[in-house]
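Colleague: The chain contents come next:
2 protein chains.
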Amino acid sequence: MFFKKKWNPRGLHVYITGGSQGLGLALAILVAKKGAHVSIVARTQSKLEKALIELEAVRQSPDQIFRSYSFALDNAESSAAALKAASEGHGGQVPDAVITCAGASKPMFLLDMEEQDLTQGMINGYWVQAWTAFAAAKQMAREGKKGKIVLVSSTLGFMSFVGYSSYSPAKHALRGLAEALHSELMLYGIDTHIFFPPTMYTPGFDEENKTKPAITRTIESTDEGLTAEQAASALLIGVENGEAHITGDLITSLFRASTRGAAPRSNAALDVVYDFIALIGVPIWRRSVDKQVLAHREEHQQYLQKKGFF
Amino acid sequence: MFFKKKWNPRGLHVYITGGSQGLGLALAILVAKKGAHVSIVARTQSKLEKALIELEAVRQSPDQIFRSYSFALDNAESSAAALKAASEGHGGQVPDAVITCAGASKPMFLLDMEEQDLTQGMINGYWVQAWTAFAAAKQMAREGKKGKIVLVSSTLGFMSFVGYSSYSPAKHALRGLAEALHSELMLYGIDTHIFFPPTMYTPGFDEENKTKPAITRTIESTDEGLTAEQAASALLIGVENGEAHITGDLITSLFRASTRGAAPRSNAALDVVYDFIALIGVPIWRRSVDKQVLAHREEHQQYLQKKGFF
Numbered sequence: 001m002f003f004k005k006k007w008n009p010r011g012l013h014v015y016i017t018g019g020s021q022g023l024g025l026a027l028a029i030l031v032a033k034k035g036a037h038v039s040i041v042a043r044t045q046s047k048l049e050k051a052l053i054e055l056e057a058v059r060q061s062p063d064q065i066f067r068s069y070s071f072a073l074d075n076a077e078s079s080a081a082a083l084k085a086a087s088e089g090h091g092g093q094v095p096d097a098v099i100t101c102a103g104a105s106k107p108m109f110l111l112d113m114e115e116q117d118l119t120q121g122m123i124n125g126y127w128v129q130a131w132t133a134f135a136a137a138k139q140m141a142r143e144g145k146k147g148k149i150v151l152v153s154s155t156l157g158f159m160s161f162v163g164y165s166s167y168s169p170a171k172h173a174l175r176g177l178a179e180a181l182h183s184e185l186m187l188y189g190i191d192t193h194i195f196f197p198p199t200m201y202t203p204g205f206d207e208e209n210k211t212k213p214a215i216t217r218t219i220e221s222t223d224e225g226l227t228a229e230q231a232a233s234a235l236l237i238g239v240e241n242g243e244a245h246i247t248g249d250l251i252t253s254l255f256r257a258s259t260r261g262a263a264p265r266s267n268a269a270l271d272v273v274y275d276f277i278a279l280i281g282v283p284i285w286r287r288s289v290d291k292q293v294l295a296h297r298e299e300h301q302q303y304l305q306k307k308g309f310f
Numbered sequence: 001m002f003f004k005k006k007w008n009p010r011g012l013h014v015y016i017t018g019g020s021q022g023l024g025l026a027l028a029i030l031v032a033k034k035g036a037h038v039s040i041v042a043r044t045q046s047k048l049e050k051a052l053i054e055l056e057a058v059r060q061s062p063d064q065i066f067r068s069y070s071f072a073l074d075n076a077e078s079s080a081a082a083l084k085a086a087s088e089g090h091g092g093q094v095p096d097a098v099i100t101c102a103g104a105s106k107p108m109f110l111l112d113m114e115e116q117d118l119t120q121g122m123i124n125g126y127w128v129q130a131w132t133a134f135a136a137a138k139q140m141a142r143e144g145k146k147g148k149i150v151l152v153s154s155t156l157g158f159m160s161f162v163g164y165s166s167y168s169p170a171k172h173a174l175r176g177l178a179e180a181l182h183s184e185l186m187l188y189g190i191d192t193h194i195f196f197p198p199t200m201y202t203p204g205f206d207e208e209n210k211t212k213p214a215i216t217r218t219i220e221s222t223d224e225g226l227t228a229e230q231a232a233s234a235l236l237i238g239v240e241n242g243e244a245h246i247t248g249d250l251i252t253s254l255f256r257a258s259t260r261g262a263a264p265r266s267n268a269a270l271d272v273v274y275d276f277i278a279l280i281g282v283p284i285w286r287r288s289v290d291k292q293v294l295a296h297r298e299e300h301q302q303y304l305q306k307k308g309f310f
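Protein chains in written order, with full-length UniProt numbering: chain A, 1 to 310; chain B, 1 to 310.
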């Protein structure tokens with residue numbers, strides 16, 4: 001509806017944050033296979049080096065430029081500096097596509113959280129992508145580059161439940177940012193997309209499981225999840241097709257359709273079907289989740305007592 | 001469906017942030033008229049004093065306790081301190097209902113924003129309420145108080161457009177927080193609600209108009225808006241009826257129904273009708289907004305040139 005020609009990354013400069021592992025790396029490999037120049041950004045130098053070796057292994061042409069940049073992305077300055085560093089490798093030009101896969105989640109009970117868990121939740125779920133998006137939008141507008149900005153939210157950007165009071169706000173915030181940018185960046189011909197992956201079996205998932213409450217794990221157990229490669233493929237197909245809200249699994253698609261609001265649509269007919277299924281299915285799911293939470297009450301009281309909360 | 005008996009604030013302690021003006025003050029007056037004890041929190045002492053006079057004017061009984069507390073609410077510590085101060089006036093017990101009306105918006109073009117505009121957007125739109133909600137949830141759980149937490153988002157917590165890239169993320173984040181809390185706080189019998197007001201003709205609205213881009217104003221001009229009193233009344237009716245997502249005008253109700261996702265529903269049948277209207281109406285609205293944005297391109301380029309952006 002909004003974009004007619006399929007987007008093709010061949011020969012373009014694709015900038016991927018969180019590109020040393022998980023979704024970011026899988027996506028970097030995918031666009032490298034399609035002939036893109038790829039810049040990956042992450043904190044850990046050793047992981048970046050290993051990732052570059054994987055990129056070299058799928059090189060399609062000697063002209064392709066693969067580079068890695070070690071930067072923290074949790075603040076405005078260094079997010080802008082990372083983008084600038086990657087631009088310098090391409091004649092000072094801003095990348096054609098900026099895809100923000102960086103992020104982390106630390107599921108916990110609210111009562112176990114300290115102030116810092118909450119602020120870090122917003123930094124690692126929102127700012128770690130927002131600062132890059134802001135820097136990219138400004139630079140693209142400045143250069144007149146009709147580029148692409150792709151944010152990565154989560155199924156938890158459409159809904160939420162126990163355990164995610166520091167993460168869902170950040171992932172919802174990204175959705176709000178994407179919609180504001182989608183509207184505003186039309187002024188410059190810049191496209192905004194946002195991807196909502198479900199559980200992904202990545203190093204990040206192993207990390208978040210360390211703090212995840214048992215009840216949260218139980219509720220999630222119905223989510224089949226995607227591998228990093230499946231998620232990367234879904235993201236890229238969505239971007240190629242010009243979808244504003246991109247999903248890669250049925251459950252999240254049901255949530256997408258039933259929280260569509262004013263989001264630009266790509267397949268209105270299919271979304272009506274999804275919306276209808278969600279109208280019946282989601283309340284049943286919600287009720288079963290509520291039941292699980294209520295059934296957990298007593299065990300939770302014991303847990304709090306043991307921790308000396310009262 | 002989820003709550004059978006109407007909630008009644010009579011004799012309860014209702015704690016309202018942003019209670020010295022606008023929605024917060026209108027709500028304070030409303031619950032005072034219904035016989036509640038009211039604590040209002042805001043920064044400016046002189047405004048609090050004036051507000052207390054208005055509360056005294058609607059006093060129903062000599063037993064009602066009306067107090068005001070001057071605190072900044074933009075950080076965790078002082079938000080918790082404000083709640084503690086108000087609790088001390090009631091035998092050290094946490095309030096029965098905590099309603100967070102504090103907040104501010106500063107609409108701007110993204111390209112005109114500095115780092116600080118973005119971080120302040122999140123503080124004034126999200127943290128100014130989230131810190132109070134976190135403190136209240138912990139204290140209610142600790143005391144076994146089956147209280148109420150009511151957040152105040154915005155129509156811009158359901159959707160967004162040009163000018164709101166610092167505000168919508170914050171208002172979306174509140175929605176995510178409300179949904180996570182709604183699920184988690186079931187463990188303690190605490191209810192969570194969230195109100196999504198449209199434009200409200202309040203001092204805050206006059207303030208945001210100072211920076212609002214013309215295109216943003218044009219797009220908003222179809223929104224009829226509510227007075228602070230109308231909005232306060234809608235909020236209270238929603239809380240009394242136990243609605244999780246509360247709206248007070250038709251447009252926002254359409255967005256509520258079409259972004260309902262997994263939010264607990266109060267009137268499923270009506271929401272199906274709203275969802276259907278939204279299915280047809282919202283894309284038409286979105287298209288007209290997109291057209292307005294695109295038509296503004298040239299004027300915007302001139303604006304940027306004049307500002308020396310390029």
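In case anyone wonders, no lab produced these hints; they're calculated from the structure. All C-beta atoms in this analysis are idealised placements derived from N, C-alpha and C, irrespective of residue type, glycine included. Treat the hints with care, since some could be wrong.
As the list claims (entries may be wrong) - Restraint-style ranges between C-beta atoms, simulated for each label pair:
id : chain 1 : residue 1 : chain 2 : residue 2 : range
1  : A       : 56        : B       : 250       : 56 to 64 Å
2  : B       : 223       : A       : 221       : 54 to 62 Å
3  : A       : 233       : B       : 221       : 54 to 62 Å
As the list claims (entries may be wrong) - DSSO-like cross-link-like pairs, simulated, lysine-lysine; straight-line CA separation at most 30 Å:
id : chain 1 : residue 1 : chain 2 : residue 2
4  : B       : 145       : A       : 291
5  : B       : 145       : A       : 306
6  : A       : 33        : A       : 84
What the hints assert, rightly or not - Residues from chain B that face chain A, not an exhaustive set, calculated with beta carbons under 7 Å:
id : residue
7  : 115
8  : 168
9  : 180
10 : 255
11 : 286
Colleague: Please go over all the hints and tell whether each is borne out by the structure.
Modeller: We went through each hint and held it up to the structure:
Distance hint check: the CB atoms of residue 56 (chain A) and residue 250 (chain B) are about 58 Å apart, consistent with the given range 56 to 64 Å. A beta carbon spacing of about 43 Å between residue 223 (chain B) and residue 221 (chain A) contradicts the range 54 to 62 Å that was offered as a hint. Judged by the Cβ atoms, the range 54 to 62 Å given for residue 233 (chain A) and residue 221 (chain B) is violated: they are separated by roughly 43 Å. Taking the CA atoms of residue 145 (chain B) and residue 291 (chain A), the gap is about 21 Å. The hint holds against a cut of 30 Å.
This hinted pair checks out: residue 145 (chain B) and residue 306 (chain A) have alpha carbons roughly 20 Å apart, not beyond 30 Å. Distance hint between residue 33 (chain A) and residue 84 (chain A) is fulfilled; the C-alpha atoms sit about 25 Å from each other, no more than 30 Å. Proximity of residue 115 (chain B) to chain A holds as hinted, the smallest CB-CB distance being about 4 Å (cut-off 7 Å). At a threshold of 7 Å, the smallest CB-CB gap from residue 168 (chain B) to chain A is about 4 Å, leaving the interface hint in force.
Taken as an interface hint, residue 180 (chain B) checks out: its beta carbon lies about 4 Å from the nearest beta carbon of chain A, inside 7 Å. Restraint check, residue 255 (chain B) versus chain A: the minimum CB separation of about 5 Å is within 7 Å; hint holds. For residue 286 (chain B), the suggested interface contact is upheld, since its CB lies about 5 Å from the closest CB of chain A, less than 7 Å.
Hint compliance for this structure: hints 2 and 3 are broken, all remaining hints hold.
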